[in-house]
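Student: One-letter residues, chain by chain:
Number of protein chains: 2
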Amino acid sequence: MRLALVGCGGVGRAFIKLLEDKQNALKARGLFLRLTHTIDVENSADYDKMLARHKADMLVLATPTDKESGEPGYSYIKAAFKHGMHVVTADKGPILLAYHELKKMAENNGVKLGIGCTTGGALPAINAGEMALAGADILSIEGILNGASNFILEEMREQHKSFNEALAEAQRLGIAETDPSLDVEGWDTAIKLLILTNVLLNENKRLADVEVRGITGLNRYDLNQATHAGLRYKLVGRSAYVNNRLLMKVEPLVFGPQHPYYHVEGKNKVVRYTTDTLGELTISGGASGVFAAAASLLRDIINIALCFSDKP
Amino acid sequence: MRLALVGCGGVGRAFIKLLEDKQNALKARGLFLRLTHTIDVENSADYDKMLARHKADMLVLATPTDKESGEPGYSYIKAAFKHGMHVVTADKGPILLAYHELKKMAENNGVKLGIGCTTGGALPAINAGEMALAGADILSIEGILNGASNFILEEMREQHKSFNEALAEAQRLGIAETDPSLDVEGWDTAIKLLILTNVLLNENKRLADVEVRGITGLNRYDLNQATHAGLRYKLVGRSAYVNNRLLMKVEPLVFGPQHPYYHVEGKNKVVRYTTDTLGELTISGGASGVFAAAASLLRDIINIALCFSDKP
Numbered sequence: 001m002r003l004a005l006v007g008c009g010g011v012g013r014a015f016i017k018l019l020e021d022k023q024n025a026l027k028a029r030g031l032f033l034r035l036t037h038t039i040d041v042e043n044s045a046d047y048d049k050m051l052a053r054h055k056a057d058m059l060v061l062a063t064p065t066d067k068e069s070g071e072p073g074y075s076y077i078k079a080a081f082k083h084g085m086h087v088v089t090a091d092k093g094p095i096l097l098a099y100h101e102l103k104k105m106a107e108n109n110g111v112k113l114g115i116g117c118t119t120g121g122a123l124p125a126i127n128a129g130e131m132a133l134a135g136a137d138i139l140s141i142e143g144i145l146n147g148a149s150n151f152i153l154e155e156m157r158e159q160h161k162s163f164n165e166a167l168a169e170a171q172r173l174g175i176a177e178t179d180p181s182l183d184v185e186g187w188d189t190a191i192k193l194l195i196l197t198n199v200l201l202n203e204n205k206r207l208a209d210v211e212v213r214g215i216t217g218l219n220r221y222d223l224n225q226a227t228h229a230g231l232r233y234k235l236v237g238r239s240a241y242v243n244n245r246l247l248m249k250v251e252p253l254v255f256g257p258q259h260p261y262y263h264v265e266g267k268n269k270v271v272r273y274t275t276d277t278l279g280e281l282t283i284s285g286g287a288s289g290v291f292a293a294a295a296s297l298l299r300d301i302i303n304i305a306l307c308f309s310d311k312p
Numbered sequence: 001m002r003l004a005l006v007g008c009g010g011v012g013r014a015f016i017k018l019l020e021d022k023q024n025a026l027k028a029r030g031l032f033l034r035l036t037h038t039i040d041v042e043n044s045a046d047y048d049k050m051l052a053r054h055k056a057d058m059l060v061l062a063t064p065t066d067k068e069s070g071e072p073g074y075s076y077i078k079a080a081f082k083h084g085m086h087v088v089t090a091d092k093g094p095i096l097l098a099y100h101e102l103k104k105m106a107e108n109n110g111v112k113l114g115i116g117c118t119t120g121g122a123l124p125a126i127n128a129g130e131m132a133l134a135g136a137d138i139l140s141i142e143g144i145l146n147g148a149s150n151f152i153l154e155e156m157r158e159q160h161k162s163f164n165e166a167l168a169e170a171q172r173l174g175i176a177e178t179d180p181s182l183d184v185e186g187w188d189t190a191i192k193l194l195i196l197t198n199v200l201l202n203e204n205k206r207l208a209d210v211e212v213r214g215i216t217g218l219n220r221y222d223l224n225q226a227t228h229a230g231l232r233y234k235l236v237g238r239s240a241y242v243n244n245r246l247l248m249k250v251e252p253l254v255f256g257p258q259h260p261y262y263h264v265e266g267k268n269k270v271v272r273y274t275t276d277t278l279g280e281l282t283i284s285g286g287a288s289g290v291f292a293a294a295a296s297l298l299r300d301i302i303n304i305a306l307c308f309s310d311k312p
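Quick mapping for you: the protein sequence lines, in order, are chains R and C. So for the first sequence, my numbering puts the first residue at 1; every next one is plus one. So for the second sequence, my numbering puts the first residue at 1; every next one is plus one.
Derived from the structure by calculation, the hints contain no laboratory data. Mixed in with the good hints, there may be bad ones.
Stated by the list, open to error - Some chain R residues close to chain C (C-beta under 7 angstroms, calculated; not the full set):
(1) 122
(2) 124
(3) 128
(4) 131
(5) 256
(6) 260
(7) 282
(8) 299
(9) 302
(10) 303
Claimed, not checked - In the DSSO-like style, the derived pairs of lysine-lysine whose C-alpha atoms are separated by at most 30 angstroms in a straight line are:
(11) C:205 with R:27
(12) R:103 with C:27
(13) R:27 with R:82
(14) R:249 with R:67
(15) R:27 with C:104
(16) R:27 with C:78
(17) C:27 with R:205
(18) C:249 with C:161
(19) R:205 with R:67
(20) C:103 with C:67
(21) C:103 with C:78
(22) C:82 with R:27
(23) C:67 with C:82
(24) C:104 with C:49
(25) R:17 with R:103
(26) R:17 with R:27
(27) R:49 with R:103
(28) R:104 with C:27
(29) R:67 with R:27
(30) C:103 with C:82
(31) C:67 with C:49
(32) C:103 with R:27
(33) C:82 with C:161
(34) C:27 with R:78
(35) C:27 with R:82
(36) C:78 with C:55
(37) R:205 with R:161
(38) C:104 with C:78
Don't be surprised by glycine CBs; every beta carbon is placed ideally from N, CA and C.
Kindly produce the complete structure, drawing on both the sequences and the hints.
Tutor: Here it is in structure tokens:
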């Protein structure tokens, strides 16, 4: 299977390295994955040329996320589908804005769309929701979906730091972005929750439908109060039907030691589903960072390749 | 897709009911699953007739597990593959004894083998290990894999019951089998651990390779001692490489409140993987009982059907 990579930032470069490292293990499983095109985000002329002359079988999309327009990822995905290519994407933008349209287009073109990387990197939230819960009705989705916020809350609690001091530490360690507003104001959590909701509950919601409160309103005093009560703050996203109406909310909540979220510390994440026939399912862990994101892309590629199992 | 069900015990009957209940939801997803044959375990003549005259596309195997011979499931699976049928199985026997042979045979016949139901019913241990960790090397497998033992340990601890009293309660509630030896002596855990190990670590081990100690040696005094130390006993199965040698062990271990296993109570289960590129992954929950087992079979069927996506 020939892969074309668009986007050579951190995730794209990590993917190139990972594919090299895993080449022997993949071949041993009968999977022949070759990176035949590497295309810079700016250079869409190269992309058109690739499509026209010598198309690949799958597009690996590592373009930067634009949550307003979904571009440039959105256009790349549509062009790939038109040319009969599968797509796996680390870019959340197009999935956030146009999941159902793109999914339909993939089906009409007989190809697959892999989005496992868009809802928490290595945490297999989408994969588990789609494959491990196939056939069950998912009744609610809940989770700690942003590692940076979780790290900051722990720093404030354990090291008695102010919000700004804890944020600075998270930035120093590369856990929070230079512009941390998406993380700490709850929007990263909201984006992931929204994708999970639209995909797994078959909804068609927008970011404006999510009630979002981040962790910026919490101070040392709040965290000390919680600690004295034996509780810990966690930034939680939740989608659930209440009186047949879907409520989507992101907010900091407190949990005691009997609750599994209490123990999700550092930059770890967790997602929890309730279902009709397969009970409750809690998934936690998943590495963070560009290398884990690359591994998450590779996971989607392998699952698609095994499904189509083309051998050379 | 036409399904043939072999075995009409608890799981088989629950599957028939579930397939009826889910018919509309499945059709809405473009999945047309029809049960065209229901065959009693004793009646292999009916099975041969079904294969010869009017074969189905997939065999749903709900035969009783025989961990010594793997029969009758083993013969049913091989016959199905020869006739180009996919197989999903709730019967652990053939998978325990001959996974690699059957997997190879499925590949050679261009069909799929679904075994998600064999390692904890609704708990997606195999599914997560195969699909959510695709491309990663799994370094260790660990878990609380037997709900009955977990329930008995909690009853002994919380209700100060003796082992026999707690076992009687588990049997009264239908959590433990009438012959509970597989559960409490650790063999059910060992069987699930062995399947996970052979499948996910690509090993070829047998039950004799697992060091097994169940919970029958624990008494009220042991559990009280642990409680006073703030710890809880859990029956844990673990496969890990130590100095390049695979060690497989089932034994009761104690855990404190900081450890996630401490909070896995009642008949809940958990499985935990460590990997090279996707970090650590912990999955807990999953309903128990025949209905959950049926839902687990349906999950495998849907994943296979979506892969082959035959529309009418």
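Student: Please go over all the hints and tell whether each is borne out by the structure.
Tutor: Hints and how they fare:
1. Annotation: residue 122 of chain R was flagged as interfacial toward chain C, and the flag holds, the nearest CB pair being 4 angstroms apart, inside 7 angstroms.
2. Checking residue 124 of chain R against chain C: minimum C-beta separation of about 3 angstroms stays under 7 angstroms; hint holds.
3. Residue-level restraint check for residue 128 of chain R holds (minimum Cβ-Cβ distance to chain C is 6 angstroms; threshold 7 angstroms).
4. Below 7 angstroms, beta-carbon pairs count as interface contacts, and residue 131 of chain R has one with chain C at about 5 angstroms; its hint therefore holds.
5. With 7 angstroms as the threshold, the beta carbon of residue 256 of chain R stays out of range of chain C, its nearest partner Cβ sitting at about 11 angstroms, so the hint is violated.
6. For the restraint placing residue 260 of chain R at the interface with chain C, the shortest Cβ-Cβ distance is roughly 6 angstroms, inside the 7 angstroms limit, so the hint holds.
7. This hint holds: residue 282 of chain R has a C-beta 5 angstroms from the nearest C-beta of chain C, less than the 7 angstroms allowed.
8. With a cut of 7 angstroms, the hint placing residue 299 of chain R at the interface with chain C holds, because the nearest CB-to-CB distance is about 5 angstroms.
9. Because the smallest distance between the Cβ of residue 302 of chain R and any Cβ of chain C comes to about 4 angstroms, under 7 angstroms, the interface hint for this residue holds.
10. Evaluation of the residue 303 of chain R hint against chain C yields a held restraint, the C-beta minimum of about 5 angstroms falling below 7 angstroms.
11. For the hint pairing residue 205 of chain C with residue 27 of chain R, the CA-to-CA distance comes to about 24 angstroms; that is within 30 angstroms, so the pair holds.
12. Proposed proximity of residue 103 of chain R and residue 27 of chain C is supported: the alpha carbons are some 18 angstroms apart, at most 30 angstroms.
13. A hinted pair counts as satisfied when its Cα atoms are at most 30 angstroms apart, and residue 27 of chain R with residue 82 of chain R qualifies at roughly 29 angstroms.
14. Between residue 249 of chain R and residue 67 of chain R, the direct Cα distance comes to roughly 18 angstroms. Compliance with the 30 angstroms bound is thereby established for this hinted pair.
15. At most 30 angstroms may separate the alpha-carbon atoms for a hinted pair to count; residue 27 of chain R and residue 104 of chain C meet this at roughly 17 angstroms.
16. Using a Cα cut-off of 30 angstroms, the hinted pair residue 27 of chain R and residue 78 of chain C holds, with the two alpha carbons roughly 27 angstroms apart.
17. For the given pair, residue 27 of chain C sits about 24 angstroms from residue 205 of chain R by alpha-carbon distance, which is consistent with the 30 angstroms threshold.
18. Of the pairs offered as hints, the one joining residue 249 of chain C and residue 161 of chain C holds, with about 27 angstroms between alpha carbons and a cut-off of 30 angstroms not exceeded.
19. For the suggested pair residue 205 of chain R and residue 67 of chain R, the alpha carbons sit about 14 angstroms apart, so the restraint of at most 30 angstroms is met.
20. Distance restraint check for residue 103 of chain C and residue 67 of chain C: the Cα-Cα separation of roughly 18 angstroms lies within the 30 angstroms cut-off, and the hinted pair is therefore satisfied.
21. A distance of roughly 10 angstroms separates the Cα atoms of residue 103 of chain C and residue 78 of chain C; the hinted pair therefore holds under the 30 angstroms criterion.
22. For the hint pairing residue 82 of chain C with residue 27 of chain R, the CA-to-CA distance comes to about 27 angstroms; that is within 30 angstroms, so the pair holds.
23. Straight-line distance between C-alpha atoms of residue 67 of chain C and residue 82 of chain C comes to about 23 angstroms, which keeps the hinted pair within the 30 angstroms bound.
24. Taken as a hint, the residue 104 of chain C and residue 49 of chain C pair is honoured in the structure, with Cα atoms around 26 angstroms apart against an allowance of 30 angstroms.
25. A distance of roughly 29 angstroms separates the Cα atoms of residue 17 of chain R and residue 103 of chain R; the hinted pair therefore holds under the 30 angstroms criterion.
26. Restraint check: the Cα-Cα separation between residue 17 of chain R and residue 27 of chain R comes to about 16 angstroms, which is no more than 30 angstroms; the hinted pair holds.
27. For the suggested pair residue 49 of chain R and residue 103 of chain R, the alpha carbons sit about 25 angstroms apart, so the restraint of at most 30 angstroms is met.
28. Between residue 104 of chain R and residue 27 of chain C, the direct Cα distance comes to roughly 16 angstroms. Compliance with the 30 angstroms bound is thereby established for this hinted pair.
29. Between the alpha carbons of residue 67 of chain R and residue 27 of chain R the distance comes to roughly 37 angstroms, so the proposed pair goes past 30 angstroms and is violated.
30. Proximity of residue 103 of chain C to residue 82 of chain C is assessed by CA-CA distance (about 13 angstroms); at most 30 angstroms being required, the pair is judged to hold.
31. For the proposed pair residue 67 of chain C and residue 49 of chain C, the alpha carbon gap of about 27 angstroms is at most 30 angstroms, so the pair holds.
32. Among the hinted pairs, residue 103 of chain C with residue 27 of chain R is consistent with the structure: their alpha-carbon atoms are about 18 angstroms apart, no more than 30 angstroms.
33. Under the criterion of a C-alpha separation no larger than 30 angstroms, the hint pairing residue 82 of chain C with residue 161 of chain C is inconsistent with the structure, at around 52 angstroms.
34. Taking the CA atoms of residue 27 of chain C and residue 78 of chain R, the gap is near 27 angstroms; set against the 30 angstroms cutoff, the hint holds.
35. With a C-alpha separation of about 27 angstroms, the suggested pairing of residue 27 of chain C with residue 82 of chain R holds against the 30 angstroms cut-off.
36. For the suggested pair residue 78 of chain C and residue 55 of chain C, the alpha carbons sit about 14 angstroms apart, so the restraint of at most 30 angstroms is met.
37. For the hint pairing residue 205 of chain R with residue 161 of chain R, the CA-to-CA distance comes to about 37 angstroms; that exceeds 30 angstroms, so the pair is violated.
38. Between residue 104 of chain C and residue 78 of chain C the alpha-carbon distance is near 11 angstroms, which keeps this suggested pair within the 30 angstroms criterion.
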